[in-house]
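Participant: Residues per chain, in single letters:
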Amino acid sequence: MTDSPTIWTKHFAAAGDQMIFMGAFFRNIFRSGFEWNELIRQSYIIGYKSFSLVGITGFILGFVLTLQSEPTLKAFGAESFVPSMVAISVIREIGPVIIALICAGKISSSIGAELGSMKVSEQIDAMEVSGANPVQYLVVTRILASIIMIPLLTLMADALAMLGGFAASNISNEVNIQLYFSKAFSALGFADLIPAVSKTIFFGFAIGFVGCYKGYNSDRGTESVGVAANSAVVSASLWIIVLDAIAVQLTSVFAYN
Amino acid sequence: MIQNRESLANKVSVGSKEAVVSIRNLKKSFGSKHVLSDINMDLFKGENLVVLGKSGTGKSVAIKCMVGLLTQESGSLKIFGKEVKDLSEEDLKSLRIKVGFLFQSAALYDSMSVEQNLEFPLTRVLKMTDKNEIRHRIEELLEGVGLLDAIDKMPSDLSGGMRKRVGLARTLIMKPEIMLYDEPTTGLDPITSREISELILEMQRKYHTSSVIITHDMACARITADRMLVMSNGEFMAEGNYEQLENGPNELVRSFFK
Numbered sequence: 001m002t003d004s005p006t007i008w009t010k011h012f013a014a015a016g017d018q019m020i021f022m023g024a025f026f027r028n029i030f031r032s033g034f035e036w037n038e039l040i041r042q043s044y045i046i047g048y049k050s051f052s053l054v055g056i057t058g059f060i061l062g063f064v065l066t067l068q069s070e071p072t073l074k075a076f077g078a079e080s081f082v083p084s085m086v087a088i089s090v091i092r093e094i095g096p097v098i099i100a101l102i103c104a105g106k107i108s109s110s111i112g113a114e115l116g117s118m119k120v121s122e123q124i125d126a127m128e129v130s131g132a133n134p135v136q137y138l139v140v141t142r143i144l145a146s147i148i149m150i151p152l153l154t155l156m157a158d159a160l161a162m163l164g165g166f167a168a169s170n171i172s173n174e175v176n177i178q179l180y181f182s183k184a185f186s187a188l189g190f191a192d193l194i195p196a197v198s199k200t201i202f203f204g205f206a207i208g209f210v211g212c213y214k215g216y217n218s219d220r221g222t223e224s225v226g227v228a229a230n231s232a233v234v235s236a237s238l239w240i241i242v243l244d245a246i247a248v249q250l251t252s253v254f255a256y257n
Numbered sequence: 258m259i260q261n262r263e264s265l266a267n268k269v270s271v272g273s274k275e276a277v278v279s280i281r282n283l284k285k286s287f288g289s290k291h292v293l294s295d296i297n298m299d300l301f302k303g304e305n306l307v308v309l310g311k312s313g314t315g316k317s318v319a320i321k322c323m324v325g326l327l328t329q330e331s332g333s334l335k336i337f338g339k340e341v342k343d344l345s346e347e348d349l350k351s352l353r354i355k356v357g358f359l360f361q362s363a364a365l366y367d368s369m370s371v372e373q374n375l376e377f378p379l380t381r382v383l384k385m386t387d388k389n390e391i392r393h394r395i396e397e398l399l400e401g402v403g404l405l406d407a408i409d410k411m412p413s414d415l416s417g418g419m420r421k422r423v424g425l426a427r428t429l430i431m432k433p434e435i436m437l438y439d440e441p442t443t444g445l446d447p448i449t450s451r452e453i454s455e456l457i458l459e460m461q462r463k464y465h466t467s468s469v470i471i472t473h474d475m476a477c478a479r480i481t482a483d484r485m486l487v488m489s490n491g492e493f494m495a496e497g498n499y500e501q502l503e504n505g506p507n508e509l510v511r512s513f514f515k
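From first to last, the protein sequence lines stand for chains U and L.
Heads up: the first sequence is residues 1 to 257, going by this note's numbering.
Heads up: the second sequence is residues 258 to 515, going by this note's numbering.
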């Protein structure tokens with residue numbers, strides 16, 4: 001009981017710190033001297049270098065989902081609904097969330113570790129004392145790159161998941177590719193695609209923001225680099241789950257009614 | 258080495274006695290730990306002030322307060338007559354351009370080459386755009402520290418001494434009026450350590466800086482110091498030049514020179 005005020009104070013202080021950091025991010029987006037080159041470099045690192053991991057994950061996601069659902073639907077004589085079911089479940093929900101969680105593990109931890117080690121080796125302090133703006137150079141570019149690249153990676157993974165679904169369908173039956181994709185896309189509308197893509201923008205923000213916050217505010221010891229990377233993954237994953245719950249609720253109210 | 262020091266010691270006149278940094282009753286704590294208890298010091302224009310002290314006595318904290326990386330709890334810290342804690346964000350940025358800081362680890366940006374490290378403050382802070390002028394300034398500084406050949410290397414390809422030299426060049430490229438050195442020779446072998454110490458003097462002569470050098474390396478102190486302060490338990494306990502402190506009455510101070 002005696003510890004409660006301290007714990008709550010700590011949590012409120014951390015929440016306040018995050019709000020201040022978020023404020024610094026938004027203020028620095030619009031400051032002069034935007035780091036376009038660094039944004040492109042970070043987009044390359046976050047996007048291109050996650051391409052294979054996300055691509056393989058997406059393909060296997062569609063492949064496994066088809067293999068798992070096909071026998072059940074077959075029992076009801078609804079085998080022809082497999083492409084539609086895979087398309088809806090992957091594009092609406094599974095694709096964005098799984099890819100965001102994969103990216104939280106890869107990108108958020110990488111940003112947390114990188115900025116954490118820059119903090120430990122006093123590189124962030126060196127930028128600050130030189131009169132440069134480390135938030136503009138390090139934080140704004142990484143968060144914006146995440147916001148841009150996570151939706152693109154998710155779209156690519158969704159497309160590969162559909163391809164994976166087609167490959168799995170072809171194991172047991174010979175399915176025409178045009179028929180498969182025609183069946184898949186006939187079940188989809190903008191009401192599925194727009195909320196799904198919109199929420200990946202927020203997932204991208206969460207992945208970039210949490211990684212930057214944890215790394216930028218890590219302690220001075222070398223151990224804190226690992227702590228920053230680890231807590232970035234945990235917090236970003238939690239943010240993604242919470243944001244997804246909110247997005248699904250909002251979508252069911254506004255898009256599907 | 259003494260000869261070398263004496264020849265270089267005629268470097269700067271401290272006669273003008275114009276204080277560029279003035280600290281009065283500075284206090285700083287981290288939680289319940291009092292790191293700076295009551296600091297009073299002046300840095301005069303053109304002088305090299307060496308601050309000696311055991312590890313953990315608050316030397317680095319004092320110079321981090323000078324550039325606004327840490328904020329003091331109480332007391333006054335004026336640089337060029339301006340109270341640092343009262344400066345606006347823009348004024349603090351302007352001050353930082355005039356005050357160079359060489360970190361203990363050199364703090365080179367790992368993801369950038371040596372050239373990009375030196376270019377960073379020129380394009381971001383001084384907003385220089387002329388590629389030729391930038392290149393000329395980088396080459397001039399790297400030549401000054403004897404590392405022109407390393408211009409395209411990455412920090413990971415450099416030795417400890419080379420990193421310190423590049424760090425010094427990156428700081429001096431802003432043409433600061435005050436230089437703060439945080440243990441510039443720590444972790445270096447005696448020969449490289451002496452080279453860095455002599456480079457500090459050489460750069461001071463060339464760029465006419467006033468410097469605070471935090472160290473517990475007596476060889477570095479001997480080469481660079483015009484005046485020395487000895488710090489213990491968050492306070493300055495002795496002041497004088499190298500010889501005065503070496504032969505002074507305080508046993509703790511003399512123990513640094515053994």
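Misleading hints may appear alongside valid ones.
[What the hints assert, rightly or not] Here are the simulated DSS-like cross-link-like pairs (lysine-lysine), alpha carbons at most 30 Å apart as the crow flies:
| no. | chain 1 | residue 1 | chain 2 | residue 2 |
| --- | --- | --- | --- | --- |
| 1 | L | K311 | L | K388 |
| 2 | L | K355 | L | K384 |
| 3 | U | K10 | L | K274 |
| 4 | U | K106 | L | K410 |
| 5 | L | K290 | L | K274 |
| 6 | U | K10 | L | K388 |
| 7 | U | K10 | L | K342 |
| 8 | L | K335 | L | K388 |
| 9 | L | K410 | L | K355 |
| 10 | L | K311 | U | K10 |
| 11 | L | K388 | L | K355 |
| 12 | L | K342 | U | K49 |
| 13 | L | K274 | L | K432 |
| 14 | L | K342 | L | K321 |
[Unchecked claim] Simulated restraints on C-beta separations:
| no. | chain 1 | residue 1 | chain 2 | residue 2 | range |
| --- | --- | --- | --- | --- | --- |
| 15 | L | L509 | U | N37 | 32 to 40 Å |
| 16 | U | M22 | L | F287 | 37 to 45 Å |
| 17 | U | M22 | L | D406 | 20 to 28 Å |
| 18 | L | E340 | U | V253 | 34 to 42 Å |
| 19 | L | G505 | U | V234 | 31 to 39 Å |
| 20 | U | G23 | L | L383 | 47 to 55 Å |
| 21 | L | K388 | U | Q178 | 24 to 32 Å |
| 22 | U | G23 | L | Y464 | 17 to 25 Å |
| 23 | L | K355 | U | F30 | 25 to 33 Å |
Think of the hints as simulated: they come from the structure by calculation, not from any bench.
Bear in mind that the values here come from a model prediction, so they are computed numbers and not experimental data.
Where is the CB? At the ideal position from N, CA and C, for every residue including glycine.
Participant: All hints are to be evaluated individually against the structure, with a verdict given for each.
Facilitator: So, going through the hints one by one against the coordinates:
1. In summary, the hint linking L/K311 to L/K388 is not supported, as the alpha carbons are separated by about 45 Å, beyond the 30 Å threshold.
2. Only pairs whose Cα atoms come within 30 Å are accepted, and L/K355 paired with L/K384 is accepted, the gap being roughly 15 Å.
3. Taking the CA atoms of U/K10 and L/K274, the gap is about 48 Å. The hint is violated against a cut of 30 Å.
4. For the hint pairing U/K106 with L/K410, the CA-to-CA distance comes to about 28 Å; that is within 30 Å, so the pair holds.
5. Note on L/K290 and L/K274: the hinted pairing is violated, with a Cα-Cα distance of about 34 Å set against a maximum of 30 Å.
6. The suggested pairing of U/K10 with L/K388 is violated, with an alpha-carbon distance near 49 Å, which exceeds 30 Å.
7. Between the alpha carbons of U/K10 and L/K342 the distance comes to roughly 26 Å, so the proposed pair stays at or under 30 Å and holds.
8. Between the alpha carbons of L/K335 and L/K388 the distance comes to roughly 36 Å, so the proposed pair goes past 30 Å and is violated.
9. Between L/K410 and L/K355, the direct Cα distance comes to roughly 28 Å. Compliance with the 30 Å bound is thereby established for this hinted pair.
10. For the hint linking L/K311 to U/K10, the alpha-carbon distance of about 34 Å lies beyond 30 Å, and the restraint is violated.
11. Distance restraint check for L/K388 and L/K355: the Cα-Cα separation of roughly 23 Å lies within the 30 Å cut-off, and the hinted pair is therefore satisfied.
12. Note on L/K342 and U/K49: the hinted pairing is violated, with a Cα-Cα distance of about 43 Å set against a maximum of 30 Å.
13. Taking the CA atoms of L/K274 and L/K432, the gap is about 21 Å. The hint holds against a cut of 30 Å.
14. Simply put, L/K342 and L/K321 have alpha-carbon atoms about 12 Å apart, close enough for the 30 Å limit, and the pair holds.
15. The hinted range of 32 to 40 Å is not satisfied by L/L509 and U/N37, whose Cβ atoms lie roughly 53 Å apart.
16. Under the hint 37 to 45 Å, the C-beta atoms of U/M22 and L/F287, about 26 Å apart, miss the expected range.
17. A hinted range of 20 to 28 Å is violated for the C-beta pair U/M22 and L/D406, which are about 45 Å apart.
18. Hint check: L/E340 to U/V253, Cβ distance near 55 Å, so the stated range 34 to 42 Å is violated.
19. Distance hint check for L/G505 and U/V234: the Cβ-Cβ separation is about 56 Å, which falls outside the suggested range of 31 to 39 Å.
20. Between U/G23 and L/L383 the C-beta distance comes to about 27 Å, which lies outside the given range of 47 to 55 Å.
21. At roughly 54 Å, the beta-carbon separation of L/K388 and U/Q178 lies outside the given 24 to 32 Å, and the hint is violated.
22. U/G23 and L/Y464 have their C-beta atoms about 38 Å apart, which leaves the hinted 17 to 25 Å range violated.
23. Checked against the hint of 25 to 33 Å, the C-beta distance between L/K355 and U/F30 comes to roughly 28 Å, which is consistent with it.
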